[in-house]
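Enquirer: Now for the letters of each chain:
There are 2 protein chains.
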Amino acid sequence: MTQYLEQVLLTPGPTPIEPHAQKALGFAMRGHMDPEVFAVNARVQANLRTLYGTDANAFTCLLAGTGSLGMEAGFANLLEPQDKVLICANGSFGYRMAEMSERLGANVTVVKAPIGQAIQLEDVKTALEADAFKLVAVVHGETSTGVLNPAIEVAQLAKSYGSLVTVDAVTTAGMMPYHMTEWGIDYAYTGSQKCLSAPPGVAPVAFSSSAIKAVENRTSKVPLWYADLEGLQAYWDRREYHHTVPVQLHYALDAALTAALEEGLPTRAKRVQEVGGAALAALETIGFTAFVERPEHRLPTVLAVRLPEYIQDVPVRSSLREHNVIITGGLGETAGKIWRLGLMGESARPAIYHKFFAALEKVLNVKGLITAFDQQLGVSTR
Amino acid sequence: MTQYLEQVLLTPGPTPIEPHAQKALGFAMRGHMDPEVFAVNARVQANLRTLYGTDANAFTCLLAGTGSLGMEAGFANLLEPQDKVLICANGSFGYRMAEMSERLGANVTVVKAPIGQAIQLEDVKTALEADAFKLVAVVHGETSTGVLNPAIEVAQLAKSYGSLVTVDAVTTAGMMPYHMTEWGIDYAYTGSQKCLSAPPGVAPVAFSSSAIKAVENRTSKVPLWYADLEGLQAYWDRREYHHTVPVQLHYALDAALTAALEEGLPTRAKRVQEVGGAALAALETIGFTAFVERPEHRLPTVLAVRLPEYIQDVPVRSSLREHNVIITGGLGETAGKIWRLGLMGESARPAIYHKFFAALEKVLNVKGLITAFDQQLGVSTR
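Residue numbers (the numbering used here), protein chains in the order written: chain A, 16 to 397; chain B, 16 to 397.
Hints should not be assumed to be uniformly reliable.
One copy or any two copies: either way a pair holds, since identical chains are not told apart in the list.
[What the hints assert, rightly or not] In silico DSS-like cross-links for lysine-lysine, where the CA-CA straight-line distance does not exceed 30 Å:
| no. | residue 1 | residue 2 |
| --- | --- | --- |
| 1 | Lys38 | Lys352 |
| 2 | Lys228 | Lys174 |
| 3 | Lys99 | Lys236 |
| 4 | Lys370 | Lys149 |
| 5 | Lys149 | Lys236 |
| 6 | Lys38 | Lys370 |
| 7 | Lys352 | Lys370 |
| 8 | Lys352 | Lys140 |
By construction, these hints were calculated from the structure, which means they are not laboratory data.
Modelling step: build the complete structure from the supplied sequences, incorporating the hints.
Expert: If you want it as structure tokens, here you go:
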């Protein structure tokens, strides 16, 4: 029987579970139509408005699935066959957006940037000048490469051309203040196990009032019944049965979300910058370099570092795993060349990075990583 | 703050959580690509073959969603636009199947039976004679009315006409031996919170080798990326990343499924018959009658009873709720007229029914329900 020892999870999701969320997982079972569950749901909806920075006319809820269902639900609700959609893609998740839109029969145009580089606003503008798009979609933080895209600027630009805007907020919402309404974002989603450090299995989403109107004005039904906006509203707003929801995951997400808002989004944004900055500084002392060249394009919640030549990717990560420290390598063309260190939610804690550096010192037989990390952290938090 | 007292859950799902599953929910977090999670997944896949009675060429897995996603995934994978599908509908879930198929652009024919009655084989045969269908779908146990449809006979009939067959096994698989391959079923699904008494949020599904071939032979891509068979196989069989899975729910489902198979499916089928029979006998002593007239059409796992005239539905159920006993009323035309008592998984225990009858005796100010239940149970288990 598996022992399930505690691991030091430094992957770009899932993250170590937030303690209140862990406790909430064990709360007594309730039916999905129970008044106590509806009370939890109402609190989650209100807190998600704060998390995403929406006005009172937006609709927020949890989808009963992981972040990829959040991605797919947006396209399934907002696009009809032949609708024109502009997708910004510079990594796995941008290309996944294009794949999903194509499967739904949409007319897809892709604005690309090379792996490791951010989407260029000028390229988006050129595309918007050339054609009219019902929807523009962009991944805020590309988990696969650690690149921060200018999602807010893309949203504002797309809005000025009359498009709806979807933003993948998987690695950003929850670790920085979000202002969906102000920024002109119409649909945003994340996964519970990312910046909120809740167990995986629910996707917090938000639809703006414009997005809601767009769904209401469809000429065809939403092809995906399971995440159809009307069905979601029936359950979350009118307390009618649509489908069973994962009640334990609602308890846990509710607890984690409450804890995040109590800490405060600006405080969390500061925490991730400080811990991430100190981690990069410590790694630079032994030859690692930031994978994303321009600091303003670096995603604060996923630190992507290029390995020095003397370090072999797989053997070192395997050795770290023997110390119960789990980190992630690259994908596709970055495989073997980079590591990706999570800084979402409970990952962005000095204690977690101390464990990582202690293990790395042993595995590489080097010294001074913890000291360098602490020194930098002392500087930045002084 | 909600206290989350333990409730006596006698709804037709969710069910009281199986104790091993409850404990497993608290196991330490792992990433979805962790070797220990893949070991859990492999055990789940093997045990699902046993649960559903499939051959070695079938594909089994958990979908990251509830039972309705299981329903939708079947149609999304097996149907292409304009494909002809025959749906058997005599309750909410049969009509939901038709709704989902229509949204996917399929050409839908519905064989109906009145609420409270089973689908007639002759009606299915007439439809199969009149047209050629790629897929025939039937709900085995209609949770909404407590009707057991002749799903096995429908499957065998449909097979003889060359159709693929989907069976909704939500209220049956896990409480009776299943023989998917032998019966000619190509796709089956259930929800974790039903007969297995695991927390809600994953849907155990099985695709036959014919279903897999049908998906491979599609001319269009599966519109639903999230539950696309090829993506599921990538993760579950080849251990490649597709999307994050709800790891804690995998732990819990694994524990509940293991416990169910250790008890044995024939034993569970006997248990549900005995507890359900005794519960009906006890209720009959105070004027309740079985809602489904013909005993052979009664779903063993959802006891639907017609209320005697002297009992008012909502006030009595509200009073039971004050005793922490939760039961469910009717839907649509049966609202106010029937109660539906769950007998799935951990619901089908004498101790649970003792609590229900103790509360009901107090609320109605009657005596003898527990005695009548125990006497009947003594007879049937002697």
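Enquirer: Failing hints, ascending?
Expert: 1, 4 and 8
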